[in-house]
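> Letter by letter, the chains look like this.
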Amino acid sequence: MNGPYHTLVALVEDRPGVLNRVSSVLRRRDFNIESIAVGRTDQPELSRMTIVVNAESANVEQVRKQLSKLIDVVKIFDITEESKVERELALIKVKTTPATRGEIIHIVNIFRANIVDVAPDSMIVEVTGDEDKISSLLALLQGFGIKEMARTGRIAITRGGTGPLIIDEEPKVIRQVRKPPVPESPANW
Amino acid sequence: MKKTGAEILCESLIKEGVEVIFGFPGGVVLPFYDTLPKYPQLRHILVRHEQGAAHAADGYARVAGKPGVCLATSGPGATNLVTGIANACLDSSPVIAITGQVARAFIGKDAFQEVDITGITLPITKHNYSVRKASDIARVVKESFFIARTGRPGPVLIDIPRDVFTESAEAHYPDKVNLPSYKPVLYGHPTQIKRAAELINGAKKPLIVAGRGVIISEAYQEVRELAEKAQIPVVTTLLGIGCFPETHVLSYGMIGMHGMAYANTAVDQADVLIAIGMRFDDRATGRVSSFAPRASIIHIDIDPAEIGKNVRVDVPIVGDAKNVLQALNKQISSSDHVDWLRELDEYRKCHPSMDIRETDKLLPQYVIRQIFEATQGEARIVTGVGQHQMWSAQHFYYIKPNSLISSGGLGTMGFELPASMGVKVACPNETVWCIAGDGGFQMTLHELATIACEKIAVKIAIINNGFLGMVRQWQELFYGKRYVATPLYGPDFVKLADAYGIAGMRVTDKKQVSAAIHKAMAHDGPFVIDFRVEPEENVFPMVPPGASIVECIEMPKPEAVDTRR
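Sequence lines, in order, name chains A and B.
The end of the first sequence is residue 189 by my numbering, with every number in the run present.
The end of the second sequence is residue 565 by my numbering, with every number in the run present.
Just chain B, with the same shape it has in the complex:
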C-alpha cells in the first residue's frame, strides 16, 4: 500500500516506540505537520527555539531509556539544533534529530533556508542520513534508532527533503537492520576479564572509578556487588553521579577539577584503578602525566576508541559494563581493605570538602542542601553549567539511580531548562528540579512558554548571583580579580515567570529557603524560585588548570591551619 513519505515517517516513529516529538515547524516540514494529526499517538510539543527541542530530546533520552526525538525545519531550524546535537554526542545520549531540507532539485544551489546540515553535523553525530527517496525512510528510521541506542549511544540526524515528504512509496517496515560494519562488542574478552580479576584480587588499594557508562548500561547492581564483595571504595566522575548511592559507606564522592579532595587523593594513592564507563576526560584527570601514578588501570568501556586515548591502560576490556561486570564479579574473591578505607576516611576527616560554612548569608551551597533535605533524594536534578552545576554535584546526595542530568562533555549553558522539560515529560510522576544559573537561564528562558503551555511541572531554582559565576571565579583566582564581561544584568525572574503565567517567588534570606522550596513542591504546576545568593562565592575544591588532581585549592578554613599539600 502506498503512503506519502510523511506518513511513512510517522508510522516508522510509532513502530520505534516514539511517544513525544519536540519540534518547531517551518516551510519544508509543513507536509509532515499536516500529516501529524492523523497519528494521535505522537505527542508534539512545540518549543520556542530549536535548541530547546534538541536539549529536551536529550534530557528525555537520558531518563526514558529510549531515544528522544527532535524535529526542525531546514536552514536556521537545523542549525539551531547543532548545539544540542553536539551536547548529545559528547555525553553519549541517544537523540534522533529530524530536519527538513529543501526539495531535491534545489539541493546544493544555495536555496532559501538551505544549509548542508549533514555536512555540518558530520563530526558531532554518530551517523547521519540524507534521505533521497521516500522508499528509504522506513529503513533509515530503523537504522537510525538502532545506531542511536546501541553500543555507545549517540545522536543520529535524518535530513528529509520537502518533496520526499510528499512522495508516495510502498510502506514496508523492515524487521531487521543490515549494518555489516556496525557490530558493537558487548561481552568482554574472557582472558582480559581473568587478568582484571587477578589484579583486583591482589590489590591492596583498589578503587572503582565509575562514569556515565554505568548508568547507560544500568549496571548499578553489578557495581554495588563488586564494591561490597571486595570492599572497594567507589568514586565517580561528574556524569557518573547517580550510579552508586552517595550515602553508601563505600562511596567516596566525585573526582576531578571540582571533585572532593579525598576522592582525588584516592585516585592518586590507588594501586589498581577499575575504570568503568568513563573516558578519562581532562576535567576528571587533571594533568594526565601525574594521573594515578601508582595504579594499574583496568578500563572497561564499550567504545574501543576510548581505551588508550588519554591514558595508558594495563587491562583493556571492551564491552558493555553490565555484561563485563557480571562475568568479572564471578571471579572476584571476597576480601576487605580495612587499612585502605581507614586511610581514606582519615583523609576525608581532615579535608571535608563538603562542609557548608556557618553564616547568615544566603549561600548557594545551602540552597542545594535544602533541596536535598526537602526531597530526600527522591527527585531528578537537572543542572545547567557553571558554579551552580558544581555545587549541585557536591551538596546534593544522589541516592536514586540516574538522578543527576547535566551537560558534562560540552558544558552547554542553557541546557537546564529545556532538558528539565524533557526529563519531566519522560517522568511525569517524579519531582524534577531544574537548578539554573542566572547566566545559563537567560540563554534558554524562552522555554518557560513551553512549560506553561504544556503544563510541564518542573520546579526551577535560579541560583542568582548577578555574575557569570564560574568565569568570575577564574578571573578572581587567575586573572587578578579583573571582572571583564562577567557582571550580569538580569531581569526580575519572578516578574518574568509571571509574564509567562508561571508562579514564582524571590528568596533573599537564608531563613526563607526551606519554606520556599516546600511551597514550590506543593504547588501544582511549574514554579520559579529566584534565589538571590551571595555574589562572589567560589567553588572549592578546585584543581587549577594544568595541575595534578591532588594539587587542589581547598575551601579557606576559618582556623589558620594550612591543609594544602
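One chain only, chain A, in its complex shape:
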C-alpha cells in the first residue's frame, strides 16, 4: 500500500516559523515531498508534523537526518514499517445534475463519506480515510466532473500502546518507549 512512499513523523517545538524552517530544509536539500501536515498536540509547546516522502525521488534517511539537525525538531521517526493508522481528509465539490445526483449519493454511501453541502448543480463530499480510499472515491467522482477539491495531507499514528513518540502521562515529559539504537551520551559539554 505504501509503495515507495515513506511516512515521517516529527515532534517539533511550537514556535513561530517552525514550519518555515522545516520546509526550508526540504527545499534547500532538494527533497521532493508528497505532503506535509502539521498541527498542535495536547502539549502546548509541541506540534506534530507528518511528512510523506517518495523514496524514489529523495533519500529518506537523509531527509530524516537533516531535519533532525534542526534545533526546533525534537524527535523525528520514519514509521513506514510500523503498524499504523493513516488518515487524510478531502473535500470534493462534484458537479451534479438531477440525473446523476442519485448515483453520486449512492457512491458516497458505499464509501461511508458524507455530503456536507448541496447546491443546485453541485455538492460537497467530505471523505476521511487512507490514501487508497480517497484515491478510489476520487477516481469514481472524476467521471461526474470535479469543480474543486481540497486535501489535508496524511497524518499517521502507530497502533497500540507502544511507539516512538508516546507522550507520557506526566506533563512535559516525552518518553521513548522503544530503546534507541544508540545509548544516551553523558551531557559533557
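Just so you know, the hints here were simulated from the structure itself, not pulled from any lab data.
What you are looking at is a predicted structure, and each value in this text was computed from that prediction instead of being measured.
Check the hints yourself; a few may be wrong.
Computed cross-link-like contacts, DSBU-like style, restricted to lysine-lysine with a CA-CA straight-line distance of at most 35 Å [to be verified]:
hint, chain 1, residue 1, chain 2, residue 2
1, A, Lys65, B, Lys309
2, B, Lys519, B, Lys400
3, A, Lys65, B, Lys15
4, A, Lys75, B, Lys15
5, A, Lys65, B, Lys495
6, B, Lys455, B, Lys481
7, A, Lys75, B, Lys400
8, A, Lys95, A, Lys133
We have chain A; now place chain B onto it with these hints.
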C-alpha cells in the same frame, strides 16, 4: 534589577567570555553602541565592511577555541554579513552574528533598512533567533553560544529590534540551557568502535584521512597515537592540514583536486579507510563512484547527517573525534605495514608533486616555501581562495596544530585579510601571515584601514600575477586558453599600503624574496609585500572535474617521461 536590553546583551556576552566584537554601527544599533563604553571588557574593533567583521569573527573563532562575535546594523549591514556567515557554516566555525533590526512595530512593513535577515540566513546558520522581548536576550545569548560551539560548530544569528535594545527587563542570566531537541552524540557506540578496531587490525593497507573535525576536536594526540601504534599512513583534506605534523614520517600529504598524487593514490589503493572529521566533499573525493574502490570505509564524525551523505560507509561512528579515538585506540593492536608504506614511498619518489622547478623566474611556490623557511612552521597561515591557496597548502610544511586557516567549503575570495585580522587578534603573540591573491585581496582590502588603526600586525604576502589565477588555469586547460574576464588590473599595492599608513615593499626578483620576508617579520607592525610572480603558472597536480582522483594531471616534467597513468 532592571536593565536595558543593550546592557543585558553586553553583560551576557561578557558572561560567555567574549572579549572582542568586530562590528560596524548603524541606526538601529545606536542604543547598543551607546551602552558599549560602560563595559570596557568588551573590545570593539571597527571594521570597514561588515563582510570583514564576519570573516574576522570566523578567523578568530578558528584559533581562539571559542565563538567569534560580529555585529552589524539592520538592512544592508546584515546582508553584508551573509557571505561570512555562509562561509562559517560550510567550514563549521562557531560565529555569533548579532544584527540590529527595525523596531517591532515596523517589522514586515518594508521599513527603512529593514530586511528579513532571519529568513535569509535560515539555510546558512545552525540556528537563528529573532528576539522580541528584552527579557529573552539573556536566554537567547546563552543558547546561541551553546549551539554555536557544541556538536558540529556553526554560526548562529541573533536579530534584535531597536526598541528591544532600549526596553527594560529583569537581568537574570540562566545557569543552564534547556534545549530538549539538541543533544549531540559525543561518545561513539561501543559496538561500532569494536567493529572498526577489528577492521583496522586486520587491514593490510589502512589509511587515515583526517579532516577539520580533528582540529575542532583537538584530537591531535589521538590521531598520532593511532597512526604510530599501528603504523598507519595519514593523509588530510585541505582543512585537515595542521592536524598531523607534515614532517612526520607517516604524513603523506593532502588529498583531493590539488592534492599530492601519492596521497590520492593512497586513497585509491587502501583497503581500510579511516575517515575522521571529514565529510567527503567533492573537492576531496573526485568522482564519487570511483572513490576508494578497494576500501571499507570507517567514518567517524560528530554530525550524523554527514555519514552516508556522499559515500557509502561500512562502519559509521557518530561521536566527537577525540572521544571516539580514545576508545578506539585502546583496541588497536600494535602492528606495522612495512610493505604498504614502502609502496607509498616508491610512488612518492616517482611522483613528487612537491618539487619546485629550478628557474630564475619568481615562482609563487618558491615564495611560499621561503615563508616556511623563514618561520620554520612557527606561524599561522591565513589564505584566500585560488591558486595561491593551493600553493600555500602544498609548499608550506604545517607542523604546528591548526596553523592553516583557509576558506574551504565556500571558497570565499577576500577571506584572507579580514580573517588574518581575527586570527592575529586571537593570537597577538604569534606570527600571522596573510597569503593573498591579487584578486581576492582587492575584494576586502579596505580592512587595511582596520589593521593600521588597531595596530594588528599581520604580515601580508600578495601573490600578484595580474590574473584571476585559478579561473585562468581552467581557461587554459579546458577552454582553449580563452582568457575571458581573467586578466586583472590592480593597484600599486605598495602605494596603496602606504596610503593606509602601512609599510610595504615590492619584490620582482627571486633573489629579493628571502630578504623581503625577513624584513616584514622584523618590522613592528603590519607589512605588505607585493610579490610580482610568474603570471601564467599552474597548480599541479590537478584532478580535472568529473575525473577520479587518481586521474590527475601532474606537473610537466622536463624529461620526456610520461608518468601519467
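> Determine for every hint whether it applies to the structure shown.
Hints and how they fare:
1. A/Lys65 <-> B/Lys309: 10 Å, holds
2. B/Lys519 <-> B/Lys400: 23 Å, holds
3. A/Lys65 <-> B/Lys15: Holds - the C-alpha atoms of lysine 15 of chain B and lysine 65 of chain A are around 33 Å apart, at most 35 Å.
4. A/Lys75 <-> B/Lys15: Distance ~31 Å between lysine 75 of chain A and lysine 15 of chain B Cα, so the pair holds.
5. A/Lys65 <-> B/Lys495: 53 Å, violated
6. B/Lys455 <-> B/Lys481: 43 Å, violated
7. A/Lys75 <-> B/Lys400: 41 Å, violated
8. A/Lys95 <-> A/Lys133: It holds: about 20 Å lies between the C-alpha atoms, which stays within 35 Å.
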